[in-house]
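Here the protein sequences come in this chain order: A and B.
Okay, so the first sequence: first residue is 0 according to numbering that gives the first Met the number 0, each after it adds one.
Okay, so the second sequence: first residue is 0 according to numbering that gives the first Met the number 0, each after it adds one.
Mixed in with the good hints, there may be bad ones.
Claimed, not checked - Calculated cross-link-like contacts (lysine to any residue; reagent style SDA-like; alpha-carbon spacing at most 20 Å):
1. B:K336 to A:P50
2. A:K228 to B:E471
3. A:K411 to B:Q319
4. B:K320 to A:I306
5. B:K478 to A:S208
6. A:K228 to B:Q319
7. A:K228 to B:K462
8. B:K111 to A:V271
9. B:K320 to A:T334
10. B:K470 to A:R198
11. A:K228 to B:S518
12. B:K111 to A:R67
13. B:K502 to A:R67
14. B:K180 to B:F248
15. B:K294 to A:I180
16. B:K392 to A:L407
17. B:K320 to A:E264
18. B:K111 to A:G62
19. A:K76 to B:K478
20. B:K462 to A:N287
21. B:K97 to A:V271
22. B:K320 to A:V333
23. B:K494 to B:D38
24. A:K228 to B:P512
25. B:K470 to A:N450
No lab work stands behind these hints, which were simulated from the structure alone.
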Amino acid sequence: MNALKLFTVILLCLMLTSKAEAKWWIFGQANEEVSISYLYVNDIPYEESGPKLTVYRDMLAGGEVVLRGKARISKGKIGGASVSLDNRETWKEAQSSTDGAFEYRFRPETGKTYVMYVEVVDTAGKSNDIESTRKELTISEGSFQNQVREALNAMIAAYRAEDPAAFMRYVSEDFAADPAILDRAIRRDFALFDNIDLRYTLNNVASGSGGLFASISFNRQITSSRDGKTYRDKGTTEFVFRLTDQGPKVFSMKFPLIFGLSDSEEIATGTVNAISNEPTIVISSSGNIEIIPFNEAVNGITADATIESGFNIVIASTIGGGQFQQPPQGFDFVTGQVSDVSGSVAFIITGGDEVQQAAYGFLQNGASINDLGSVSLSSVSQAPESGYDSNSTQGYNFVPGHTYAFLLSNGKYALMNVKSVIMSYPPTGITGYPTTTMRIDYKYQPNGSRNF
Amino acid sequence: MKRLRSIRRLQLLTALVAVVALAPAASQAAEHEIHGSNDFSLTYNDVSGPGAGSQSSLTEGARYLEILNLFGNGRLGEFDYNWTVGAKSTDDRRNDIKNTSLTNLQGRFTNKVHTLTVGDTFESFSQYALNTAIKGGSYKYTREGEFGTSLTAVSGIAYSRWDNFWGVDAVERQVFGGKIKQNLGSDLWVGFSGVQTTDHVRVMGSELVDEQTYTVDFEYRPIPGLTIQGESSWADGGVSTQDGQYNEFNGNASKLVAIGDGGPSRVTLEYERVEPNFRTMLGSATPDREKAKAKWRYKYTKNLSITSAMLWYHDNVDGQKSYTTDHYKPEIGVTIKRPFKRQYAVADISYKLDRTSSQTIDTLDQFVNTSYRDRFGLFDSDTNFGIIFYDTKNSRRAQEYTYNTSLSSRHTLGRVVLKPSIYLGGWTSNEELAAPQATDQIYEYSFGLGVDIPTIKITSNFKIGENRLVKEAGTDTTKTFANMNIFWRPDMLTKVQGMLYAKASTNDFRYDPNAVGGSQDFRETSLTSGISMQF
Numbered sequence: 000m001n002a003l004k005l006f007t008v009i010l011l012c013l014m015l016t017s018k019a020e021a022k023w024w025i026f027g028q029a030n031e032e033v034s035i036s037y038l039y040v041n042d043i044p045y046e047e048s049g050p051k052l053t054v055y056r057d058m059l060a061g062g063e064v065v066l067r068g069k070a071r072i073s074k075g076k077i078g079g080a081s082v083s084l085d086n087r088e089t090w091k092e093a094q095s096s097t098d099g100a101f102e103y104r105f106r107p108e109t110g111k112t113y114v115m116y117v118e119v120v121d122t123a124g125k126s127n128d129i130e131s132t133r134k135e136l137t138i139s140e141g142s143f144q145n146q147v148r149e150a151l152n153a154m155i156a157a158y159r160a161e162d163p164a165a166f167m168r169y170v171s172e173d174f175a176a177d178p179a180i181l182d183r184a185i186r187r188d189f190a191l192f193d194n195i196d197l198r199y200t201l202n203n204v205a206s207g208s209g210g211l212f213a214s215i216s217f218n219r220q221i222t223s224s225r226d227g228k229t230y231r232d233k234g235t236t237e238f239v240f241r242l243t244d245q246g247p248k249v250f251s252m253k254f255p256l257i258f259g260l261s262d263s264e265e266i267a268t269g270t271v272n273a274i275s276n277e278p279t280i281v282i283s284s285s286g287n288i289e290i291i292p293f294n295e296a297v298n299g300i301t302a303d304a305t306i307e308s309g310f311n312i313v314i315a316s317t318i319g320g321g322q323f324q325q326p327p328q329g330f331d332f333v334t335g336q337v338s339d340v341s342g343s344v345a346f347i348i349t350g351g352d353e354v355q356q357a358a359y360g361f362l363q364n365g366a367s368i369n370d371l372g373s374v375s376l377s378s379v380s381q382a383p384e385s386g387y388d389s390n391s392t393q394g395y396n397f398v399p400g401h402t403y404a405f406l407l408s409n410g411k412y413a414l415m416n417v418k419s420v421i422m423s424y425p426p427t428g429i430t431g432y433p434t435t436t437m438r439i440d441y442k443y444q445p446n447g448s449r450n451f
Numbered sequence: 000m001k002r003l004r005s006i007r008r009l010q011l012l013t014a015l016v017a018v019v020a021l022a023p024a025a026s027q028a029a030e031h032e033i034h035g036s037n038d039f040s041l042t043y044n045d046v047s048g049p050g051a052g053s054q055s056s057l058t059e060g061a062r063y064l065e066i067l068n069l070f071g072n073g074r075l076g077e078f079d080y081n082w083t084v085g086a087k088s089t090d091d092r093r094n095d096i097k098n099t100s101l102t103n104l105q106g107r108f109t110n111k112v113h114t115l116t117v118g119d120t121f122e123s124f125s126q127y128a129l130n131t132a133i134k135g136g137s138y139k140y141t142r143e144g145e146f147g148t149s150l151t152a153v154s155g156i157a158y159s160r161w162d163n164f165w166g167v168d169a170v171e172r173q174v175f176g177g178k179i180k181q182n183l184g185s186d187l188w189v190g191f192s193g194v195q196t197t198d199h200v201r202v203m204g205s206e207l208v209d210e211q212t213y214t215v216d217f218e219y220r221p222i223p224g225l226t227i228q229g230e231s232s233w234a235d236g237g238v239s240t241q242d243g244q245y246n247e248f249n250g251n252a253s254k255l256v257a258i259g260d261g262g263p264s265r266v267t268l269e270y271e272r273v274e275p276n277f278r279t280m281l282g283s284a285t286p287d288r289e290k291a292k293a294k295w296r297y298k299y300t301k302n303l304s305i306t307s308a309m310l311w312y313h314d315n316v317d318g319q320k321s322y323t324t325d326h327y328k329p330e331i332g333v334t335i336k337r338p339f340k341r342q343y344a345v346a347d348i349s350y351k352l353d354r355t356s357s358q359t360i361d362t363l364d365q366f367v368n369t370s371y372r373d374r375f376g377l378f379d380s381d382t383n384f385g386i387i388f389y390d391t392k393n394s395r396r397a398q399e400y401t402y403n404t405s406l407s408s409r410h411t412l413g414r415v416v417l418k419p420s421i422y423l424g425g426w427t428s429n430e431e432l433a434a435p436q437a438t439d440q441i442y443e444y445s446f447g448l449g450v451d452i453p454t455i456k457i458t459s460n461f462k463i464g465e466n467r468l469v470k471e472a473g474t475d476t477t478k479t480f481a482n483m484n485i486f487w488r489p490d491m492l493t494k495v496q497g498m499l500y501a502k503a504s505t506n507d508f509r510y511d512p513n514a515v516g517g518s519q520d521f522r523e524t525s526l527t528s529g530i531s532m533q534f
């Protein structure tokens, strides 16, 4: 909420200072006596579309280009607005109202480029900075399907060439998941993939007030730079594009992604209405490439987003003379906390086995355990479905190097890798009892699946 | 359930057929224009080698792909109309699961006050509420002016393709919605929208969602160059899972953006908060995220521009998790045109940082990139160098170096224009904490030649090269590739802007050592010829 407060304060400052003459964010532009508040060409913001704008013939409602704007003056009244389409050789009057709003419509010729200027004058004859309104407007003969195809082709070419700067040219500044997140993700993709090959066909393209919508069928082949293997998959995905002067730019992408797989859960702002359960390439949290059925991949995204984990966590108990010096410690996977509160932990350690150099302990609270042996935590992508032991009266050895799967009383799964066990004794001559210290890494899957 | 589904589909298809039936009548109108595009290609793929079946993404044998689009527009009485229809056909299952499918179907009628759209309908109410196309229709009433109003109503099914109506099953996601947008003066508008989505027919064990989304959005331009936009959306619904459970959810997503644009500067401030239980079926959102962002793009001089940005976001918005993960992504980039007073030179340098921290993970990744484009005599050059430092506390320390350079040139020999090019690239990764320390490398080199003959309207390019992945531990991979593309616009096809094309490519993959159980080496060759037209 602090961020919201800070943002609100900045915004209030902006709005309050709007009455002042000097405005830092427009660098003195507001000192002009006649200025233009905003301009739109067929609902595309004028300043966002750059010096050149291409409008596609098929997207012109009624075959017309509509220029809408609003002028503002510091003193006096608006005298009128006019538009030039031929590099200021001739001017045509726009329909304007007394509040400064104006509109100009014309039916353009396809394939032609218009050099457009907008002039607003007040009743004293002063005008705006006409040069700053220059825009080259081209009416493309190409269909919007072709424009989507060209944008996708260019993105795929940049992605195959592993050129992040070229790729990001086709991503809207308003990209729903944030362009910076996509930028980092494709850079990680490029580190993980080699020999990227992507082909697609368009399933559906629609144009409207939201820009352009495209559904595609894709066919992909990549080599993993991690293991040197070649992977392939195919599927259906969707894009939304916004129109700019450089053509359509991606506004949002849905899962399964064809770009930015390394951070799917942050980049995909939706999931396609799937038509098949085709195997899909996904990147695990450890960076490995996996091919799993679509439904599992969707769950996997959720899993990756919510898997909780911790490293180098120390659990220690001291026992002597048949009594605990303090309550024995255990671990609560749900909260990720070491605790000596017996009602919350999945197990406690009560001592050590000097022969095996292992910690010794008991299950708690209906948890059950499965010793997966001497495997690393990252190599376990799924907890076993069966084989759990739930005897809470039987002691267990927690052996360094072993990974254990837990089925907890809440029906959720957890993994724990024992990194080390140290038995320490008080110095000779000092009264005290041995302490068993166990260092662990863990993962907890709160969504109830066995996927890690 | 199936009967209900059929009825809904029938209702929608009846409406669409009615529109299609109107098209011939419309074509009789005095002002009518029709045009289109067509692309037909034949491809022959050959895949060989022990790994062919499991590795290659090409379908063996001869395959075709046909893409047709037709467009029309004109005037009928007081109404302007336009329509589009498109289809594709292929027998390559890796291109599409259907042989023939409808790719577009849309009709739109408008007299600038009333607008009716039928078929592919893409009305964007807001990012969170409705930001996808549906198959159905919309009606929009627009009264322009300082206090003008627009009303929009949409209805349909959110299928991703038309085939979902016949033969390709997907969840039937029914959509109803409306939006009213009111101008409050010429500098401010406010919108209210509501969208109801209801899923029918479970497919592949998917969840079925029933949801209402209510949204308010606005845009305010208090002074020239400053735009403030915002939206807030409330979602309320339930999810029915395959095992009979029904879980209710509700959540809010809000966003506020301020854009200052004028002179040499463009400043963007953005704040977004999406609750964990905010779920949007037709919009775009990443649940459980609070984000703040500032970006400043400044054109210092005609030849020097600077972009700087800071993005921060985190999860655990409602404190529902045991800990929070914060992400910080600051960046700065400088673009210099004409450095060293060289006319064609452009230099870019950027530094990006990616920090993730929580009580369980602490990473600091840094990305440095430089690029330089210039022309030296006959040669255009483009050189890039990038370094990434990965540092995850107690887990990973690694560096990656990316470097590539290309040289290209252009020579005219009589009627022929030759465009030779060479590319040299590499990637080195060094994992410091791997045991033993691992260094992997990728090398790629290629030679290209473009041959254009403008007088007979031929353009072509050829490329041959090799890509090698050399791993310290694991499988080395070598890909040798060659490809060729020829495009010809013969005079006889000028009227239809026709183009004939031929494409050929071959890729030879070799693995060392090969997988246990046998070699995975394979070779794929693809030949394509086609014709495209626009009329």
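Results for each hint:
1. B:K336 to A:P50: 18 Å, holds
2. A:K228 to B:E471: 15 Å, holds
3. A:K411 to B:Q319: 16 Å, holds
4. B:K320 to A:I306: 10 Å, holds
5. B:K478 to A:S208: 45 Å, violated
6. A:K228 to B:Q319: 39 Å, violated
7. A:K228 to B:K462: 25 Å, violated
8. B:K111 to A:V271: 34 Å, violated
9. B:K320 to A:T334: 8 Å, holds
10. B:K470 to A:R198: Measuring from Cα to Cα gives roughly 28 Å; hence the hint is violated.
11. A:K228 to B:S518: 12 Å, holds
12. B:K111 to A:R67: 14 Å, holds
13. B:K502 to A:R67: With a Cα-Cα distance of about 46 Å, the restraint between K502 of chain B and R67 of chain A is violated, given a limit of 20 Å.
14. B:K180 to B:F248: Violated, at about 28 Å.
15. B:K294 to A:I180: 14 Å, holds
16. B:K392 to A:L407: 29 Å, violated
17. B:K320 to A:E264: 17 Å, holds
18. B:K111 to A:G62: The hint holds at about 12 Å.
19. A:K76 to B:K478: 70 Å, violated
20. B:K462 to A:N287: Measuring from Cα to Cα gives roughly 31 Å; hence the hint is violated.
21. B:K97 to A:V271: 18 Å, holds
22. B:K320 to A:V333: 9 Å, holds
23. B:K494 to B:D38: 16 Å, holds
24. A:K228 to B:P512: 11 Å, holds
25. B:K470 to A:N450: 29 Å, violated
Consistency with the previously given hints fails for numbers 5, 6, 7, 8, 10, 13, 14, 16, 19, 20, 25, ordered from lowest to highest.
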